[in-house]
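Chains as they are written, first to last, in this note's numbering: chain A, 1 to 203; chain B, 1 to 803.
The hints are simulated quantities; they were obtained by calculation from the structure and are not laboratory data. Keep in mind that a hint or two might mislead.
[As the list claims (entries may be wrong)] Interface residues of chain B toward chain A, partial, derived using beta-carbon atoms under 8 Å: (1) P109; (2) L113; (3) Y117; (4) E178; (5) G185; (6) C207; (7) V348; (8) I383; (9) I697; (10) T745; (11) T746.
[To be verified] Below, computed lysine-lysine pairings styled on DSS-like, alpha-carbon distance capped at 30 Å: (12) K602/B / K788/B; (13) K139/A / K244/B; (14) K244/B / K7/A.
Glycine included, every Cβ here is placed at the ideal spot set by N, Cα and C.
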Amino acid sequence: MTPVCRKSYPPPPVDEREVLRYAGCREASEDMLALLAECRRMAEPTLAFRLCYREAPVAVHESTCDIGGARVSSASLAGHLAGCERVILFAATVGLGFDRLLARESRLSPARAVLLQALGAERIEALCDLFSAEMAKEKENEGLFCRSRFSPGYGDLPLAFQAPLFSLLDCERAIGLTLTGSGLMSPTKSVSALIGVAKERML
Amino acid sequence: MMKFLDFLKTNTVLLDGGMGTLLQARGLLPGESPERWSITPPEDVRAIHRAYFEAGSHVVNTNTFGANLLHFSAAELDVIIKAAVENARVARESARAPQEKYIALDIGPCGRLLRPYGDFDFEEAVTLFRETVRRGVAAGVDLITIETMNDSYETKAALLAVREETDLPVIVTNAYGEDGKLMTGATPAAMVAMLEGMGANAIGANCSLGPRGLVPVIEELLATSSLPVVLKPNAGLPIDRNGKTEYDISAEAFADEVAALCQRGVRVAGGCCGTTPDYIHALAARVAGIEPLPIENKTDTVVSSYTHAVHFGGMPLLIGERINPTGKKRLKQALMEGDTDYILNEGVRQQEAGVQLLDVNVGLPGIDETAVLTHAVCELQAIIDLPLVIDTASPAAMEAALRRYNGKPLLNSVNGKEESMHAIFPLMKKYGGAVIALTLDEDGIPETAEGRVAIARRILDTAATYGIDKKDVIFDTLTMTVSAEPQAAAVTLAALRTIRRELGCHTSLGVSNVSFGLPAREAINSTFFALAMENGLSAAILNPHSPDMMRAWYSFRALHGMDESCADYIACVPALQPAAPSATQPSAAPQAAAEAGSALQKAIARGMHERAAELTRACLTTRKGLCIVNEEIIPALDAVGRGFEEKTVYLPQLLMAAEAAKAAFTCIKDAMAADEASQNTRGPIVIATVQGDIHDIGKNIVKLLLENYGFAVSDLGKDVPPEEIVAEVLRLHAPIAALSALMTTTVPAMEETIRQLRAQAPWCNTIVGGAVLNREYAARIGADCYAKDAMEAVRCAEQLVKE
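Excised from the complex, chain B in its bound form (with noise of 0.2 Å):
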């Protein structure tokens, strides 16, 4: 028999069709397990995979689509698979079918959703997949399909999964709604730039719709894909006609599409529900008549997020570069207290300002960067569908990193030293991504342009070897302070352009050290960044609040047609213009801020948070710090608390009250120094949503509000383990310990949280609460203090800390 790989590379591959449908009609009840089905007795299931192979399938998939430890025990999963191997075996053995003939070991979707929005983590998830593939391994499969993936992550866990257990070929299909997504967001183009890195032998789609609802992901995926694609589509929609299950299009019908697919490039084609032999059997006798097209290899560099992929090469992209920690003191004290919501907002805050990619770096001495870094990413992807780049000198924390990331990440950075890439490269080829490579090596950076493309070319070979097309690396040329050499500047633009035009690949340049040591820094670096992007910079990584830059960038882009109408030139300009003084800002008279003071509490009792925050400034220009705090933030605050317990003033309200006032805080907090801000906070207060719990807006309620009130919060998150917040009133020696359940089905865990508690930490006050709780519960589970809503866990909290 051919080595499948072999086969797939001259033919187009005919898999099979369903497998459920058949076994219904065979007396599968609905909700019964049909794995099951294998064993007892074994001859239904042998029958089907009989029937594909001598309708002419090449490949046919075990009957093991839900065959994981979720739903069998190790022992009944060893015979699952067993059984259906050997029953694949015994029909093509017994098949009167000359083709050449391949098992599958089939692998379906888990059934849990992973965490962020499922509960089920994702080293779980690579876990319990790699066990049902060990057992098809050892069963002895050709190859894997991973099929019906509605979700990314899920997917990436499972092709992990493959690739840590087995070098066997494994074809990659995915289930893509109406909109051409996967249920959780991601475009075909995405799926293909993540599978493509992570060693995917076949991508594609499967099931949910027929195949005139799959052309437009099918065409997305030949125009991106450099494997050969894919297609198993439905037989259509089911109906019901006079109580039986039949789809509605016929095997005639749906053999002609899909062939039609195949002339435009589909290599991989079958069935999934409601097709039957007669439909592989109707395709088979169209596709014979048909040239397997060439797999053509595709050479954009792209990268990719949990939703869409983002291409180099045409307007030079933005890197976000705000989380970084050099040089900021926010950001360094936020990652030391464990503030993520900060990173977020950062974050968030550039992507409204228009980057395409965001860079990641949480490098600080004392700091367990592999930890922190795996955490930032992860946080990040949940809430922000821009891809990352990974930023950090640790190839360790690079490796956690990357396998945690959704998507195609770029890797931020590798370099001409051989220690450099022999530490990096594998982790692209296991993980997937592009990198960034510095042109410098063992020797520093040479001050000739010649010099630095010598290394680029190096570090392409170096690449190459590993199997890393040289798509996936992107030159930066090194940007150097042109006020200590004269030719700095040019040098770098003649690498740049060199590496562009010569080796055909994308570059990226943090502009900014160009001006170091000169005034109007600004001005240098939007000149510089326009000469690179002029010289054909591909990708910049820059501060997008600088609005010189944003303007070099959009007026580069104007002016080279890639802004219609001009239109995102015009919709800029307002937003870059230099803040206009307002009436309120510093006329530093006294009377003024009093003005503002007053104001003050009426934009925070108002929930405008903007405003509150540019009072406070005028404020701080006459005021101290804590003299705002305690004559204006708090009385504010305190009167809305008021009205919200009077029932005056709604949630909503409150909250919006909380937020202008937190505006106000972080504009304080900014102007102090820090150890100042610590000496005025108290509790801390351990904060989290118990296991197996996934709401958390009641407890980031109940969070922004202590922190209001002048308590250090550590929040934890959602469905953490009684363990994790017991560790962590350890370390804090904290003596209140807040716990939020919205389920009755998640009380148990909090009670439990309270008993390990009360072991371990005896000092620490307990305050709970959630939608399932009252005043009877709580203490029945042992709490000390249940608050009905966030402002009765503040006066509880503030009780507590008094006693």
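Extracted from the complex, chain A is given alone in its bound form (with noise of 0.2 Å):
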């Protein structure tokens, strides 16, 4: 298993139309476009883009994976990591800030609260994709192959396994991510997830 890794990122470029669809709107009225702006101009200052990682090895026996130590029962997952002889585990988090924000224009302005809710949603996710796409080049130039990433609560992988995984990513100690006592990530615009890598491209 490799060191723990943690990475800064700067902004990735803001995709609105993703932002406006995930907060329901199929389009938008020039005032929630200013909203939006507003949102936009209001969080910039908040976020920060953090992760850490670590590749770990991986075994799959029927619907049970082995990962770094840790085991767990996932049809899904084992379905997902099937042919993966690593895994790499990853969390991101856009912080804390931005949490207080949105507590803050929640209690202030539902409207721009919908709006930053749906931004942070889309900012996390941007996130996530570029560091899956720094990772795929990175494998494919040892000639590997990354699967799609896969978090606790997809299929049939259980929210629970969730604290096995911040355990083996540090997550506290190194981006400042905890889980509450019900399992919810806090700052809630975080992501943890696993990519599987894979000799062989998913046919």
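Build the complex from these two chains, which are given one at a time in their own frames, with help from the hints.
In structure tokens form, the structure reads like this:
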């Protein structure tokens, strides 16, 4: 298993259409675009783009996966990781500053809060996409192929798998990401996931 | 053995290096608990401690980083801590090394984020840390180390726990990120302000970065701390070398970099992740030749929020006074109704108007001031990053609020009466803080400046007996009414000047009393404010929405060269212009009012809230509030609501309209008598996000719309236990409870809440909503209604009250 590495990124470009899609809008009036612009201005200084990751060996037996010493039973994950010998574990967050802004606007202006919520979702996805693409390229140079990312809660991979995953990634120390008693992530705009690495391209 | 604090006075103290890294080398697996390695068998941990002592460490940390009741049962925790301390003791006895050797109980973060951004309660955290500290002290450690904390609030909980359990010395180090701040936003100067006040003995940085990365953090700590500064960095960044984890800074390079910082004043040094006895050995060799620099006592007056420190003595500071119910009908009503959003709004508006601190006073007859003040402080510090001024006459309320405050607050106030000083100074000593001291005593307010200065001297003397430095006492020489006593202003200013120049203390005034009984009060107030600033006023408690006062402040700064190129002054001018009469402003002609009416509907539909408020005020000149509600606001909202249901209007638009309607309602409410307003509400509805769930945007949306449709809403917030929801329903005899849950993991809490409501408040109907719910699921957990969105929640509530 490789050590836990940390990484910070400059802000990836914002896809406004994606933000509006998350906010449930198929089209946007001028007023709404103005509000979105305002939200982007407010959010920009609060956003961080941090993640931590490490590579671990994986062994799949039927519907059980052994990942860096942690064992989890999940047919969906086992299917997803079939043919992989290694897996990249990562956790990413846009940070607590954004949660504070969201909390504030949720009290002052639910309209802005809804757009910020959507913006946060788009931002964390953009960060994960950036990292996944980077890893895919790196592995391709070694003649390996990355599977798409897979998070606790997908298919039958239990949310309870967050705890061992967080411990493997040392999330709190590495990027300030914690789990609440009910297993939610805090800061809220965060993602934890696994990327299978295989010798063969997925069919 | 010399006492640790005595040793620290004259020496550079060497700490140990990494523990986890070395245990991993001995076979600790990722995810495995290092603390259990203290027990079975103890040899590995003992060998590591001994190696550090032999490398030259004066202090080793016990292997108890994660030893707390969240991770272990009470019985196992007993064993782990006892064994961990015993291991360090055995190592100390067996080490062949001549230096002083101390054992520190190591305390790391508890692993859960505190409320409001996490779900772990502050007091639970204090109790958790106390359990660990108590066991460590009983096992016989020499000092306590609190380390790797990346949240200022959790750091406060841990330090408070230590101070409530023991007088042993305590070293506090935080994990700063690449931006030089904690994960929750605090700067090093903010941490110094808070930790010094609470009785830490040394303050610093550990983990997260290598020594070079921490240089800016260390520089800030050295510049602001009156305590020894601690540095315990990582051996750089981890790298993978043939399947083995190594760090990219060698022992020699590490020692050079850390020693260079010791030369600049760091007095306690060691290593964190990736460092080994070799690193400490190399460091010891270099530090041996460095003469420890004396620790300078800093005299700056500083208060802090969870993000930053604010210094007195530069430009005069503005303290917003608007969160104080005296003479404010709407705020009184908000406090009585528990309407926290109104208070938050007042706070945000003052921050936008440019204040550096916020005064918080909730004193009202018949109110539970301790509970309300604490609640207000917690809510304000969750969303506003200004330091707070905790303003109360009740020592009990003061203590409760200080305990929960995330930073170093300003206390308002103490005075020269013995009773006041003996109530307030012990609180400052325990929780930290600076205080506003009024120059009055048992005999009242002296008429002369000399009399007030004499009281100030006495206050400082008493403060000193409590170990409180004069830098933390800010004097208010009391503004009196000039129309009653011609020399009143002159006396206040003379006392101010003397205190500033001769006692060297900072000053603060509330200025508006000076003009009482006079016409055009703002002219007198702002001139007095300018005079006071010229006489050395450090801070003023004022209304930042007063253009005259703000003009005086901006002008003073421009004239004193505190505003480069007069940029702030120029920028403030347009904002401080008296509002030009707008086209739709009352010409009082019925026709104009009718136009304002239809324009109001449009403004609401388009979500223009300022315009909606302006038009509502225009309508109010000729029409009754209720008539505007029924003929303009409700029809406009209904049109938007129908659009939303027909999917031609999207959620953000619906909410923009709802906010505009709310702005219109607020104008109408302000114009109505309180009883008239309350006669026309429906409900009440108790609303909450259920226990375990920290998402509240959906709930807040529903609340906004319910209020728009005339429901009185009691909002309990997020992560609310079932018992609390039931209690509120019982208190209000509420016909409806609206519950929100976003995650599958929190639906059981919703089910439990409904179960308890059924048993104890059978009249109460429940409306539930949230991302994971659907109609069947809602029925299965026993809810009366399921609302797929906020509009449907309004329709359900209307239906339920009709039945």
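Hints and how they fare:
{"no.": "1", "hint": "P109", "in the structure": "holds (6 Å)"}
{"no.": "2", "hint": "L113", "in the structure": "holds (4 Å)"}
{"no.": "3", "hint": "Y117", "in the structure": "holds (6 Å)"}
{"no.": "4", "hint": "E178", "in the structure": "holds (6 Å)"}
{"no.": "5", "hint": "G185", "in the structure": "holds (6 Å)"}
{"no.": "6", "hint": "C207", "in the structure": "holds (7 Å)"}
{"no.": "7", "hint": "V348", "in the structure": "holds (6 Å)"}
{"no.": "8", "hint": "I383", "in the structure": "holds (4 Å)"}
{"no.": "9", "hint": "I697", "in the structure": "holds (5 Å)"}
{"no.": "10", "hint": "T745", "in the structure": "holds (5 Å)"}
{"no.": "11", "hint": "T746", "in the structure": "holds (6 Å)"}
{"no.": "12", "hint": "K602/B / K788/B", "in the structure": "holds (27 Å)"}
{"no.": "13", "hint": "K139/A / K244/B", "in the structure": "holds (20 Å)"}
{"no.": "14", "hint": "K244/B / K7/A", "in the structure": "holds (20 Å)"}
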